[in-house]
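> Construct the complete structure from the given sequences, taking the supplied hints into account.
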Amino acid sequence: MKAVSVIRSRAVVLPVDNVDTDQIIPARFLVTTSRDGLGTGLFADWRFDAEGRPKPDFVLNRAEAEGARVLVAGRNFGCGSSREHAVWALQAGGFEAVVSTAFADIFRANALKNGLLPVQVDEATHEALAAAPGAVTIDVAEGSVAFDGRKAPFPLEPFARHCLLNGQDELAFLLSHESDIFAFEKAAGPVPWRTP
Amino acid sequence: MQGPRALTAKIWESHLVKAETSETPAVVYVDLHLVHEVTSPQAFSELRARGLRVRAPERTVATMDHAIPTRRGPDGRRAPAEGAAAEQVKALEANCREFGVSLFPVGDERQGIVHVIGPELGLTHPGSTIVCGDSHTSTHGAFGALAFGIGTSEVGHVLATQCLLQRRPKSFAVEFQGALAPGVTAKDLILGLIARIGTAGATGHALEYRGSAIRALSMEERMTVCNMSIEAGARAGLVAPDDTTYQYLAGRPFAPQGAAWDAAVARWRALPSDPGAAFDRELTIDAQALEPMITWGTSPGMGIPVRGVVPDPAGDASQEKALRYMGLEPGKPLLGRKIDVVFIGSCTNSRLGDLREAAKVLRGRRVAAGVKALVVPGSQQVKKQAEAEGLDQVFRDAGAEWREPGCSMCLAMNDDRLLPGQYAVSTSNRNFEGRQGPGGRTFLASPTTAAAAAVKGAIADAREMS
Numbered sequence: 003m004k005a006v007s008v009i010r011s012r013a014v015v016l017p018v019d020n021v022d023t024d025q026i027i028p029a030r031f032l033v034t035t036s037r038d039g040l041g042t043g044l045f046a047d048w049r050f051d052a053e054g055r056p057k058p059d060f061v062l063n064r065a066e067a068e069g070a071r072v073l074v075a076g077r078n079f080g081c082g083s084s085r086e087h088a089v090w091a092l093q094a095g096g097f098e099a100v101v102s103t104a105f106a107d108i109f110r111a112n113a114l115k116n117g118l119l120p121v122q123v124d125e126a127t128h129e130a131l132a133a134a135p136g137a138v139t140i141d142v143a144e145g146s147v148a149f150d151g152r153k154a155p156f157p158l159e160p161f162a163r164h165c166l167l168n169g170q171d172e173l174a175f176l177l178s179h180e181s182d183i184f185a186f187e188k189a190a191g192p193v194p195w196r197t198p
Numbered sequence: 193m194q195g196p197r198a199l200t201a202k203i204w205e206s207h208l209v210k211a212e213t214s215e216t217p218a219v220v221y222v223d224l225h226l227v228h229e230v231t232s233p234q235a236f237s238e239l240r241a242r243g244l245r246v247r248a249p250e251r252t253v254a255t256m257d258h259a260i261p262t263r264r265g266p267d268g269r270r271a272p273a274e275g276a277a278a279e280q281v282k283a284l285e286a287n288c289r290e291f292g293v294s295l296f297p298v299g300d301e302r303q304g305i306v307h308v309i310g311p312e313l314g315l316t317h318p319g320s321t322i323v324c325g326d327s328h329t330s331t332h333g334a335f336g337a338l339a340f341g342i343g344t345s346e347v348g349h350v351l352a353t354q355c356l357l358q359r360r361p362k363s364f365a366v367e368f369q370g371a372l373a374p375g376v377t378a379k380d381l382i383l384g385l386i387a388r389i390g391t392a393g394a395t396g397h398a399l400e401y402r403g404s405a406i407r408a409l410s411m412e413e414r415m416t417v418c419n420m421s422i423e424a425g426a427r428a429g430l431v432a433p434d435d436t437t438y439q440y441l442a443g444r445p446f447a448p449q450g451a452a453w454d455a456a457v458a459r460w461r462a463l464p465s466d467p468g469a470a471f472d473r474e475l476t477i478d479a480q481a482l483e484p485m486i487t488w489g490t491s492p493g494m495g496i497p498v499r500g501v502v503p504d505p506a507g508d509a510s511q512e513k514a515l516r517y518m519g520l521e522p523g524k525p526l527l528g529r530k531i532d533v534v535f536i537g538s539c540t541n542s543r544l545g546d547l548r549e550a551a552k553v554l555r556g557r558r559v560a561a562g563v564k565a566l567v568v569p570g571s572q573q574v575k576k577q578a579e580a581e582g583l584d585q586v587f588r589d590a591g592a593e594w595r596e597p598g599c600s601m602c603l604a605m606n607d608d609r610l611l612p613g614q615y616a617v618s619t620s621n622r623n624f625e626g627r628q629g630p631g632g633r634t635f636l637a638s639p640t641t642a643a644a645a646a647v648k649g650a651i652a653d654a655r656e657m658s
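As you go down the protein sequences, you meet chains A and B in turn.
For the first sequence, the working numbering gives the first residue as 3, with consecutive numbering after it.
For the second sequence, the working numbering gives the first residue as 193, with consecutive numbering after it.
Derived from the structure by calculation, the hints contain no laboratory data.
You may find that some hints are simply not true.
[To be verified] To give a feel for the contact side, a few chain A residues facing chain B, derived at Cβ under 10 Å: (1) Val15; (2) Pro17; (3) Asp19; (4) Gln25; (5) Phe31; (6) Trp48; (7) Trp90; (8) Ala104; (9) Thr127; (10) Glu180; (11) Ala190.
[As the list claims (entries may be wrong)] Computed list of lysine to aspartate or glutamate pairs in EDC-like fashion (alpha-carbon distance at most 20 Å, straight line): (12) Lys513/B / Asp38/A; (13) Lys282/B / Asp38/A; (14) Lys513/B / Asp19/A.
Positions of the beta carbon are idealized from the N, C-alpha and C atoms, including for glycine.
Spelled out as structure tokens, the structure:
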């Protein structure tokens, strides 16, 4: 994973609460064995009509979305399916951070493993940012989001912060526990079920 | 001395390879890893790129369910996957072969929806940790297992190390007091809970379902309840094991036998939460007051009693958006509203008991003209048992389609999809916009309510049909 320390970008606002991962990327785009090329599926049913033409009124199709790397979504983002493709699709769409008042557990875990920052802010901050989206600075080390002369904190689990700042690979970290895992397996004994 | 502990705490503590600190999450051991074709290929690729092997193939079981067709071709056999879906199926076969993982592919009598086959094969054990790259892994919590969905990166972590980095979940006890009224099912119970606490109501928590109404449920019904824990935001939902659990598991293909069985049951009997165990949150619900439920909107939390009226959004933008998408008006009842499709299936409601309930309603009746009804058994085993009981004939005689096991129309990534604008009553778990097909509109309900809707061609209260 690439290290992430500071994100400076314009924000684009998608004012919809409870965006589920089926909206972020519909299941028909999951029929793939790759993690690349998922950008076309991003918000596909909101971005395109039945004939595949962009819907001009959808925010990500408007000029203001061009080049924005921070998505300010409505409240409670990423519920539903565990598909990590939702994170890959957001990243393929150029996003590096999503701001909301809450994130579903699996989405948050998936996002952090890929260096997409889930920025959870309080209602007042969320409202202010959604009302005046402009330049945003997200500081991972400090756990802060700054915009329009304001600055608000956001929570980040300490190990996730460490991984983001250092580009630490979680699988490599787990693999470094080989001897502990071996000891646990030895103590636990063989699998508890009969084998076929 | 150790104080009283809750079920989830007991499982958590017995699976710690390394305890968490303020700086690092716990390293948690995974007893059983279930794998399917859609969320695993990139994880196997990661292992290959790093030169890693699957650490515990004996703890890893794969099947095919999401992307495969459920219809039969002219030869009476299941239609093969085509295009990209065929690539996924082939990739899973190749990955399982290369890494030594057991696979129950299409054509195997053990194939089925991953959360149906784990329990029915006796792989799902009380007190174990179970993960799968699928949010409905919470289903296995019905056996008193700590079971939760993970993303593909974590699928790779478990394949390579049999472990996950996790923070301890908070605990949330929901007690259902009293008994369910006649005609009210496990699906109604869980839809009732989600309507009450919302789709983020249990985020960060593991739910423990308790109380006399839960004790009275069969294992299949408990699975329906635990399955939808994720729809309340909880990654896991558990029911403490009891004699109902042990009776279900005894004699299943992978269940321990003889002295090993007795020893296992003795261990499992120590799992239920100790009296006085503390929970981070608690909620009590009067089970007697629950009614058959149906959703009206585009979130599983947007549920009402089947005889209720569509609520007034009162300025709530999400509810207004949901009403527009669904083409519904506030203050109007759903009863009598015409529907196009009925889907009976999915990891929520595709087990033998679900099919029996649907068949009770459909026996000697016809699916209404113009309605397409799909009955999709959850596994080859369910299909075989249902056919042995003649349930397939009941469905066929009624004019419903009897399909091959798979996820089918739950998620619109195979051939089974709603057309734009169609209304469906579905026994699945998600009514999100487009979940069952772009532009499709879903009412979630129990198999009983879905079967009644198939007969009436409209949303109906099955209690009026007996």
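> Are the hints correct? Go through all of them and say.
Structure-based check of each hint:
1. Val15: Status violated, d = 13 Å.
2. Pro17: Where the cut-off is 10 Å and the nearest Cβ of chain B is about 8 Å from Pro17/A, the hint holds.
3. Asp19: At 5 Å from the nearest chain B Cβ, Asp19/A passes the 10 Å test, so the hint holds.
4. Gln25: Holds - the Cβ of Gln25/A comes within 10 Å of chain B, reaching about 6 Å at its closest.
5. Phe31: holds (8 Å)
6. Trp48: holds (8 Å)
7. Trp90: Hint holds; Trp90/A Cβ to chain B Cβ min 9 Å, cut 10 Å.
8. Ala104: holds (6 Å)
9. Thr127: Status violated, d = 18 Å.
10. Glu180: holds (8 Å)
11. Ala190: holds (7 Å)
12. Lys513/B / Asp38/A: It is violated: about 32 Å lies between the C-alpha atoms, which goes past 20 Å.
13. Lys282/B / Asp38/A: Holds - the C-alpha atoms of Asp38/A and Lys282/B are around 19 Å apart, at most 20 Å.
14. Lys513/B / Asp19/A: With a Cα-Cα distance of about 10 Å, the restraint between Lys513/B and Asp19/A holds, given a limit of 20 Å.
Consistency note: the structure conflicts with the earlier hints numbered 1, 9 and 12.
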